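Chemist: Note that the working numbering has the sequence shown beginning at 861, numbered continuously upward.
Hint data in this document are derived by calculation from the structure and do not stem from the laboratory.
Any given hint might turn out to be false.
What the hints assert, rightly or not - For lysine-lysine, the following DSS-like pairs were computed, each having C-alpha atoms within a straight-line distance of at most 25 Å:
1) K966 to K935
2) K899 to K879
3) K899 to K935
Claimed, not checked - What follows is a set of in silico ranges between Cβ atoms, one per label pair, in the way DEER data are often shown:
4) L934 to A880: 22 to 30 Å
5) T978 to N896: 45 to 53 Å
6) N902 to S950: 18 to 26 Å
7) A870 to S950: 33 to 41 Å
8) V869 to A897: 24 to 32 Å
9) A904 to L864: 19 to 27 Å
10) L967 to L884: 29 to 37 Å
11) E883 to T978: 43 to 51 Å
12) H887 to E942: 36 to 44 Å
13) T906 to L934: 15 to 23 Å
14) F918 to L884: 19 to 27 Å
15) E942 to G893: 36 to 44 Å
16) S921 to N874: 14 to 22 Å
A quick note: this is a predicted structure, and the numbers were derived from the prediction, not measured.
Don't be surprised by glycine CBs; every beta carbon is placed ideally from N, CA and C.
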Amino acid sequence: MSILGINTVADPVNRLSVKADAELLTHDDVTPGSGNARKIINRADTTSTASVVFQTGFTGSAEFGLAGDDNFRLKVSADGSEFNDAIIVSTSSGNVAIGTPDLTAKLTVAGDNITDSTLPDFLLLKENFAGFQTFEVYGDVSWHAPFFQFRRARG
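Generate the whole structure from the sequences, applying the supplied hints.
Modeler: Below you can see the structure in the form of structure tokens.
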């Protein structure tokens, strides 16, 4: 069997098509299996894509996987055609980049909230017994220097 459609029609591109409210893949407890359950997506080479896409009305809004290189990416899209990297993880070093493709540090976070300078580019909240501790970074593009604000909310 080269094409299978369950409750829908499969086609040469979507050779396995399932139309259902839920799908279940479970571990093998009969043969006996290992007890593990893994979904493996194998791509042809590093320039190809191995990913999972989340859609509404067949328009992509989010995607995660390997897309065009060996780095793991979480991408988002407002229109389904142009995707922006939200998070990139280097598969060689484990370094993480948020808002930037720069993977030189263990964690790189970049923001540029130029539409509203009263909002932080980076906001870190830490909850503890006395409330929240907040670390905010505001960037001023005219000065090219960040403004750091530390505050502790009580209550």
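Chemist: Run every hint past the structure and note whether it holds.
Modeler: Comparing the hints with the structure gives:
no. : hint                     : verdict
1   : K966 to K935             : holds, 20 Å
2   : K899 to K879             : holds, 19 Å
3   : K899 to K935             : holds, 20 Å
4   : L934 to A880: 22 to 30 Å : holds, 26 Å
5   : T978 to N896: 45 to 53 Å : holds, 50 Å
6   : N902 to S950: 18 to 26 Å : holds, 21 Å
7   : A870 to S950: 33 to 41 Å : holds, 37 Å
8   : V869 to A897: 24 to 32 Å : holds, 28 Å
9   : A904 to L864: 19 to 27 Å : holds, 22 Å
10  : L967 to L884: 29 to 37 Å : holds, 36 Å
11  : E883 to T978: 43 to 51 Å : holds, 45 Å
12  : H887 to E942: 36 to 44 Å : holds, 39 Å
13  : T906 to L934: 15 to 23 Å : holds, 18 Å
14  : F918 to L884: 19 to 27 Å : holds, 23 Å
15  : E942 to G893: 36 to 44 Å : holds, 42 Å
16  : S921 to N874: 14 to 22 Å : holds, 19 Å
Comparing the model with each numbered hint stated earlier shows that all of them hold.
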